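Undergrad: Chain by chain, the residues:
There are 2 protein chains.
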Amino acid sequence: MDATEFRRRGKEMVDYVADYLEKIENRQVYPDVEPGYLRPLIPDSAPEEPERYEDILKDVEKIIMPGVTHWHSPYFFAYFPTANSYPALLADMLSGAIGCIGFSWASSPVCTELETVMLDWLGKMINLPPQFLAEKEGEGGGVIQGTASEATLVAMLAARMKAIHRAQSENKNLTQGDIIDRLVAYTSDQAHSSVEKDSVIAGVKIKHIPTDDTFVVCGSALKKVLNEDKAAGLIPFFFCATLGTTTCCSFDKLLELGPICNQENIWMHIDAAYAGSAFICPEFRYLLNGVEFADSFNFNPHKWLLVNFDCSVMWVKKRSDLICAFKIDPVYLKHDHQESGLITDYRHWQIPLGRRFRSLKLWFVFRMYGVKGLQEHIRKHVKLAHEFKDLVLQDDRFEICADVILGLVCFRLKGSNELNEALLKSINSARKIHLVPCDMRGKFVLRFAICARTVESTHIQFAWKHITMLANELLRSQKLQ
Amino acid sequence: MDATEFRRRGKEMVDYVADYLEKIENRQVYPDVEPGYLRPLIPDSAPEEPERYEDILKDVEKIIMPGVTHWHSPYFFAYFPTANSYPALLADMLSGAIGCIGFSWASSPVCTELETVMLDWLGKMINLPPQFLAEKEGEGGGVIQGTASEATLVAMLAARMKAIHRAQSENKNLTQGDIIDRLVAYTSDQAHSSVEKDSVIAGVKIKHIPTDDTFVVCGSALKKVLNEDKAAGLIPFFFCATLGTTTCCSFDKLLELGPICNQENIWMHIDAAYAGSAFICPEFRYLLNGVEFADSFNFNPHKWLLVNFDCSVMWVKKRSDLICAFKIDPVYLKHDHQESGLITDYRHWQIPLGRRFRSLKLWFVFRMYGVKGLQEHIRKHVKLAHEFKDLVLQDDRFEICADVILGLVCFRLKGSNELNEALLKSINSARKIHLVPCDMRGKFVLRFAICARTVESTHIQFAWKHITMLANELLRSQKLQ
Numbered sequence: 000m001d002a003t004e005f006r007r008r009g010k011e012m013v014d015y016v017a018d019y020l021e022k023i024e025n026r027q028v029y030p031d032v033e034p035g036y037l038r039p040l041i042p043d044s045a046p047e048e049p050e051r052y053e054d055i056l057k058d059v060e061k062i063i064m065p066g067v068t069h070w071h072s073p074y075f076f077a078y079f080p081t082a083n084s085y086p087a088l089l090a091d092m093l094s095g096a097i098g099c100i101g102f103s104w105a106s107s108p109v110c111t112e113l114e115t116v117m118l119d120w121l122g123k124m125i126n127l128p129p130q131f132l133a134e135k136e137g138e139g140g141g142v143i144q145g146t147a148s149e150a151t152l153v154a155m156l157a158a159r160m161k162a163i164h165r166a167q168s169e170n171k172n173l174t175q176g177d178i179i180d181r182l183v184a185y186t187s188d189q190a191h192s193s194v195e196k197d198s199v200i201a202g203v204k205i206k207h208i209p210t211d212d213t214f215v216v217c218g219s220a221l222k223k224v225l226n227e228d229k230a231a232g233l234i235p236f237f238f239c240a241t242l243g244t245t246t247c248c249s250f251d252k253l254l255e256l257g258p259i260c261n262q263e264n265i266w267m268h269i270d271a272a273y274a275g276s277a278f279i280c281p282e283f284r285y286l287l288n289g290v291e292f293a294d295s296f297n298f299n300p301h302k303w304l305l306v307n308f309d310c311s312v313m314w315v316k317k318r319s320d321l322i323c324a325f326k327i328d329p330v331y332l333k334h335d336h337q338e339s340g341l342i343t344d345y346r347h348w349q350i351p352l353g354r355r356f357r358s359l360k361l362w363f364v365f366r367m368y369g370v371k372g373l374q375e376h377i378r379k380h381v382k383l384a385h386e387f388k389d390l391v392l393q394d395d396r397f398e399i400c401a402d403v404i405l406g407l408v409c410f411r412l413k414g415s416n417e418l419n420e421a422l423l424k425s426i427n428s429a430r431k432i433h434l435v436p437c438d439m440r441g442k443f444v445l446r447f448a449i450c451a452r453t454v455e456s457t458h459i460q461f462a463w464k465h466i467t468m469l470a471n472e473l474l475r476s477q478k479l480q
Numbered sequence: 000m001d002a003t004e005f006r007r008r009g010k011e012m013v014d015y016v017a018d019y020l021e022k023i024e025n026r027q028v029y030p031d032v033e034p035g036y037l038r039p040l041i042p043d044s045a046p047e048e049p050e051r052y053e054d055i056l057k058d059v060e061k062i063i064m065p066g067v068t069h070w071h072s073p074y075f076f077a078y079f080p081t082a083n084s085y086p087a088l089l090a091d092m093l094s095g096a097i098g099c100i101g102f103s104w105a106s107s108p109v110c111t112e113l114e115t116v117m118l119d120w121l122g123k124m125i126n127l128p129p130q131f132l133a134e135k136e137g138e139g140g141g142v143i144q145g146t147a148s149e150a151t152l153v154a155m156l157a158a159r160m161k162a163i164h165r166a167q168s169e170n171k172n173l174t175q176g177d178i179i180d181r182l183v184a185y186t187s188d189q190a191h192s193s194v195e196k197d198s199v200i201a202g203v204k205i206k207h208i209p210t211d212d213t214f215v216v217c218g219s220a221l222k223k224v225l226n227e228d229k230a231a232g233l234i235p236f237f238f239c240a241t242l243g244t245t246t247c248c249s250f251d252k253l254l255e256l257g258p259i260c261n262q263e264n265i266w267m268h269i270d271a272a273y274a275g276s277a278f279i280c281p282e283f284r285y286l287l288n289g290v291e292f293a294d295s296f297n298f299n300p301h302k303w304l305l306v307n308f309d310c311s312v313m314w315v316k317k318r319s320d321l322i323c324a325f326k327i328d329p330v331y332l333k334h335d336h337q338e339s340g341l342i343t344d345y346r347h348w349q350i351p352l353g354r355r356f357r358s359l360k361l362w363f364v365f366r367m368y369g370v371k372g373l374q375e376h377i378r379k380h381v382k383l384a385h386e387f388k389d390l391v392l393q394d395d396r397f398e399i400c401a402d403v404i405l406g407l408v409c410f411r412l413k414g415s416n417e418l419n420e421a422l423l424k425s426i427n428s429a430r431k432i433h434l435v436p437c438d439m440r441g442k443f444v445l446r447f448a449i450c451a452r453t454v455e456s457t458h459i460q461f462a463w464k465h466i467t468m469l470a471n472e473l474l475r476s477q478k479l480q
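So the sequences go chain by chain: X and W. Each residue of the first sequence is one higher than the one before, starting from 0 at the first, in numbering that gives the first Met the number 0. Each residue of the second sequence is one higher than the one before, starting from 0 at the first, in numbering that gives the first Met the number 0.
It is worth saying that the hints were derived from the structure and are not from the lab. The model shown is predicted, which means the values in this text are computed figures rather than measured ones. Just to be clear, a hint being listed does not mean it is correct.
Note that identical chains are pooled: a pair holds if it fits in a single copy or bridges any two copies.
To be verified - Here are the simulated BS3-like pairs of lysine-lysine, each with C-alpha atoms no more than 27 Å apart in a straight line:
no., residue 1, residue 2
1, K223, K61
2, K317, K388
3, K61, K206
4, K10, K61
5, K464, K10
6, K442, K431
7, K382, K206
8, K464, K223
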């Protein structure tokens with residue numbers, strides 16, 4: 000395919016993409032396929048000779064689309080949102096064409112510099128304390144990671160390195176293994192499973208701090224476990240606070256937890272993967288109070304800030320903490336400016352070496368929407384969540400299982416887990432809308448997350464009508480049994 | 000921006016991309032900017048109100064492009080290639096629009112299933128032993144990782160878990176820390192720095208095995224270190240072989256190393272990040288002989304197989320080895336088909352949770368080029384490398400520093416390191432072509448990597464003429480001193 004054909008096919012693809020997103024409501028949100036559906040539909044091996052583009056595009060509708068879960072359908076209420084916007088798609092096209100690999104400043108200076116400045120922009124949008132920003136030539140700064148799991152892992156590894164150095168400076172006879180055996184990371188019993196996975200990767204113990212009745216970690220709960228663990232000779236080194244848990248969007252009490260972590264020399268990382276985007280609205284910024292105590296903070300614009308996956312942003316107070324955990328410098332990656340202290344080589348801030356030019360997406364989205372446009376998007380979602388909550392509350396067969404603060408509503412039929420499992424099954428089998436469940440202290444609960452950029456009140460009203468219809472059927476059939 | 004405006008702007012962007020790639024020769028391959036160039040050119044913070052798209056696009060030429068290192072310029076001979084092709088760009092547009100997050104089968108079935116089948120296609124293209132393929136419902140299978148560093152890390156973590164379990168099954172009193180203190184990973188003294196970084200993340204020791212005169216690890220060199228380490232009470236658990244080292248594209252002797260690893264219960268991972276793509280040509284497949292002894296194998300189609308970054312492919316003989324190292328299963332990620340054994344949840348195969356629909360790029364590229372088209376691309380690059388090598392050999396002031404097997408030529412002026420450093424500096428300062436150096440046993444060597452998809456003999460001839468002109472100047476000025 001040469002440039003001439005690309006011009007033609009690219010424009011067709013632009014129309015295909017616009018059609019797909021404009022008419023996505025008409026597609027069934029969750030596919031009908033069974034595991035293994037695809038293999039019989041395509042050849043056993045790659046073709047020897049080039050095929051016609053028309054045939055590939057035909058197969059997109061015939062083979063690919065029937066197996067897609069349509070995350071951008073306004074009938075998709077599962078997991079958490081993943082972002083999608085036209086400005087981000089345009090930026091990604093440009094980023095793909097430039098196709099630079101930004102592991103060092105020299106490998107493509109703008110790839111590094113735009114990222115640093117965009118992270119400052121975004122930091123200011125959420126009113127992050129200035130120590131986290133790079134602009135004043137302070138010790139902090141921001142970086143784009145692929146996912147929140149990676150951001151937590153990077154923070155945990157930096158914390159591990161600091162803890163090992165500290166323990167060895169106090170007792171030179173300790174081996175790394177001696178110390179690792181005693182290190183303990185902490186997080187909420189409601190935290191995302193990726194935090195536990197990160198601890199497996201880092202090879203350290205993790206303990207889940209019990210949350211209170213509202214699924215929130217309080218200072219006293221952390222303090223209690225810390226005291227027990229220290230008495231048992233363990234070394235607490237890392238606490239991952241969650242703002243907006245996956246289960247029910249609860250918020251750990253940073254203002255209680257932060258001072259404890261600072262006092263105990265524990266690295267506090269804040270995972271606000273979903274909720275973080277809301278902090279651009281002044282009325283939700285209070286949820287971030289206490290971030291000043293944190294060592295690192297992360298959220299995912301690729302969830303709720305209209306920037307396509309992947310774009311998980313992370314700030315640290317001391318960038319040297321990350322760099323010390325990872326820095327390894329071979330000759331083929333050295334460059335003239337490296338020792339100047341003025342530049343950033345982002346490869347020392349992350350797990351992989353290579354990285355795409357992702358800050359372009361932030362730049363396009365911030366400029367095309369403006370802060371106001373992005374705030375509107377957040378507020379619309381929160382409003383729709385409250386609309387759904389109000390519908391649930393009007394039907395006394397149902398209950399709301401957690402405070403609705405942002406765009407997630409946890410609800411269930413009053414009754415057994417089996418009943419609610421049956422309800423969810425009937426909802427997802429009907430394929431009109433798509434939800435996933437969660438487990439709240441043994442209760443099987445349905446999560447209704449406002450997801451699509453284009454979701455409106457009509458979709459919420461439809462979803463609730465549909466859910467109650469299925470609930471009616473279910474309850475009727477149960478009575479008959 | 001609504002769909003109507005996206006149709007217009009998207010088509011303009013397609014033209015911009017086509018123009019950029021068609022006329023990339025006219026751009027200076029390496030930018031003139033100094034560290035910190037960007038910040039003064041853009042506002043301190045994000046705009047409150049939306050801006051005009053025209054203004055953003057103007058800034059792309061005014062602010063972004065002057066800071067780009069043009070990796071797809073035919074005058075770019077630095078690092079290793081990163082791939083870029085029109086079919087891959089089209090697939091990425093589609094993938095961006097679908098914007099699904101494929102962490103589990105249910106989260107978008109086709110995202111998982113196409114990946115599994117494409118990895119089988121690609122495995123067959125390089126004639127990988129059938130144990131690595133998923134199609135026969137065997138124990139192996141392939142996965143797309145972001146980068147080779149992540150693939151090595153995943154393999155190392157799986158190996159670490161196996162080694163810990165084995166050691167604890169032999170002696171229940173050993174703690175994880177006791178074992179980690181004794182674990183040793185091995186790799187070539189020529190291996191990519193990311194392998195060492197991975198060992199830092201995994202918290203294990205790493206030793207670099209001395210290579211022979213041709214920068215290759217032989218069986219005897221590994222055996223010697225293993226014997227010493229075992230005698231010292233250490234536990235060898237992981238060996239990362241390199242096919243196509245970053246420094247000089249040398250190939251470790253798999254046929255000697257593999258049996259040793261198998262015998263010693265050491266996980267053998269093969270990193271063929273750059274070279275792996277060449278194995279689709281029968282005449283280069285011999286370089287992969289011995290892969291049958293490996294536990295895992297990885298290469299980067301995003302380097303040399305015309306699939307845009309990121310797309311690093313990895314196969315394992317036993318997928319359960321990866322899954323055991325990572326599997327953590329919360330309710331909100333469970334789905335009906337999970338326990339059927341028929342499906343793959345790729346989140347257990349990788350570090351992050353989220354993942355894009357990257358197999359679409361493989362599918363588009365394989366079908367639009369056909370195996371023959373891809374083979375042609377590889378062969379053209381290898382031929383051009385030999386053309387450059389022959390030019391160097393005709394000038395007896397220069398020397399070739401390593402066998403030219405694929406698309407990399409290591410060369411230098413006969414003389415001091417200072418002389419060669421000065422030559423590289425004058426090459427990169429002139430900005431006509433771009434190269435990076437390497438260190439070969441204390442020798443400062445210039446690396447000339449065939450990179451761009453569109454590079455032709457004329458660019459090679461130009462580059463050599465330019466290098467010799469700068470060398471003439473340099474040698475003349477030195478004589479005058």
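Undergrad: Taking the hints in turn, state whether each one holds.
TA: Here's how the hints hold up against the structure:
1. K223 / K61: For K223 and K61, the Cα distance exceeds 27 Å both inside one copy (58 Å) and across copies (57 Å).
2. K317 / K388: neither (41 Å within a copy, 47 Å between copies)
3. K61 / K206: So K61 and K206 fail the 27 Å test inside a copy (48 Å) and across (51 Å) alike.
4. K10 / K61: both (21 Å within a copy, 25 Å between copies)
5. K464 / K10: This pair counts as neither: shortest intra-copy Cα distance 40 Å, inter-copy 40 Å.
6. K442 / K431: Intra 25 Å, inter 66 Å, cutoff 27 Å: intra-copy only.
7. K382 / K206: This pair counts as neither: shortest intra-copy Cα distance 36 Å, inter-copy 57 Å.
8. K464 / K223: So K464 and K223 fail the 27 Å test inside a copy (46 Å) and across (72 Å) alike.
When the structure is compared with the earlier hints, violations turn up for hints 1, 2, 3, 5, 7 and 8 and for no others.
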